[in-house]
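**Q** Build the full structure now, drawing on both the sequences and the hints.
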Amino acid sequence: DTGVSQNPRHKITKRGQNVTFRCDPISEHNRLYWYRQTLGQGPEFLTYFQNEAQLEKSRLLSDRFSAERPKGSFSTLEIQRTEQGDSAMYLCASSLAPSGNTGELFFGEGSRLTVL
Amino acid sequence: AQTVTQSQPEMSVQEAETVTLSCTYDTSENNYYLFWYKQPPSRQMILVIRQEAYKQQNATENRFSVNFQKAAKSFSLKISDSQLGDTAMYFCAFMTRRRMNSGYSTLTFGKGTMLLVSP
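Residue numbers (the numbering used here), protein chains in the order written: chain E, 1 to 116; chain X, 1 to 119.
Derived by calculation from the structure, the hints in this document are not laboratory data. Where is the CB? At the ideal position from N, CA and C, for every residue including glycine. Treat the hints with care, as some may be off.
Under 7 angstroms between C-beta atoms, here's a sample of chain E residues computed to sit facing chain X [said to hold, decoys possible]:
| no. | residue |
| --- | --- |
| 1 | 42 |
| 2 | 45 |
| 3 | 108 |
**A** Here is the structure:
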């Protein structure tokens with residue numbers, strides 16, 4: 001396992017369609033995060049899992065967004081009824097907790113969403 | 001709420017020179033961590049350096065060092081002997097220690113500084 005893997009890397013969709021992104025964290029990491037990054041901005045926190053439990057969700061995560069981590073391994077982020085404002089890079093990160101937690105998050109390369 | 005401000009959208013430096021990237025933050029917390037992350041073009045973000053607020057000594061990692069001024073809430077990154085591979089977007093980020101130890105933790109990022117290293 002060489003790092004956090006995200007798929008697809010790029011997704012172009014029409015407004016109103018649903019999209020799903022997948023994140024495979026580093027295998028021994030029990031924490032998994034989703035961030036959104038728009039042009040000219042730093043990443044913004046969306047949601048966070050410890051094992052399979054979703055422990056925190058940002059106000060940015062509207063009811064059109066849902067994230068799961070069913071077996072505490074990979075995670076999916078689904079956006080329903082996409083809007084043009086959803087166009088962004090969606091970043092996944094993982095970390096190990098509680099022992100050995102230095103605060104460092106390990107990021108994937110991101111999934112870029114373009115909504116036409 | 002915590003905020004992180006990076007006032008330099010872009011910086012340029014020539015190879016082998018030294019450059020300093022600025023970051024200020026605002027928080028009412030006393031125990032926290034500060035980070036600089038690097039995001040090369042089309043590649044994943046990686047940690048450059050980390051500073052614990054309760055440590056007075058500035059962190060250093062090879063050519064990268066920080067100037068942490070807690071009272072001023074300033075956390076600048078100095079890159080010495082700049083290399084072409086240092087070209088990237090650099091993000092300053094903040095995490096409260098309380099939140100990290102309680103079992104969950106989130107990073108608050110600044111908007112980033114694009115650093116271009118030229119030959």
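**Q** Is the hint on residue 108 of chain E kept, meaning its closest Cβ partner in chain X is under 7 angstroms away?
**A** Constraint on residue 108 of chain E satisfied, holds at 6 angstroms.
**Q** Quick one, is the residue 42 of chain E hint okay against chain X at 7 angstroms, beta carbons?
**A** holds (3 angstroms)
**Q** Is the interface hint satisfied for residue 45 of chain E? The criterion is a beta-carbon contact with chain X at less than 7 angstroms.
**A** Interface hint status for residue 45 of chain E: holds (5 angstroms vs cutoff 7 angstroms).
When held up to the earlier numbered hints, the structure conflicts with none and fits them all.
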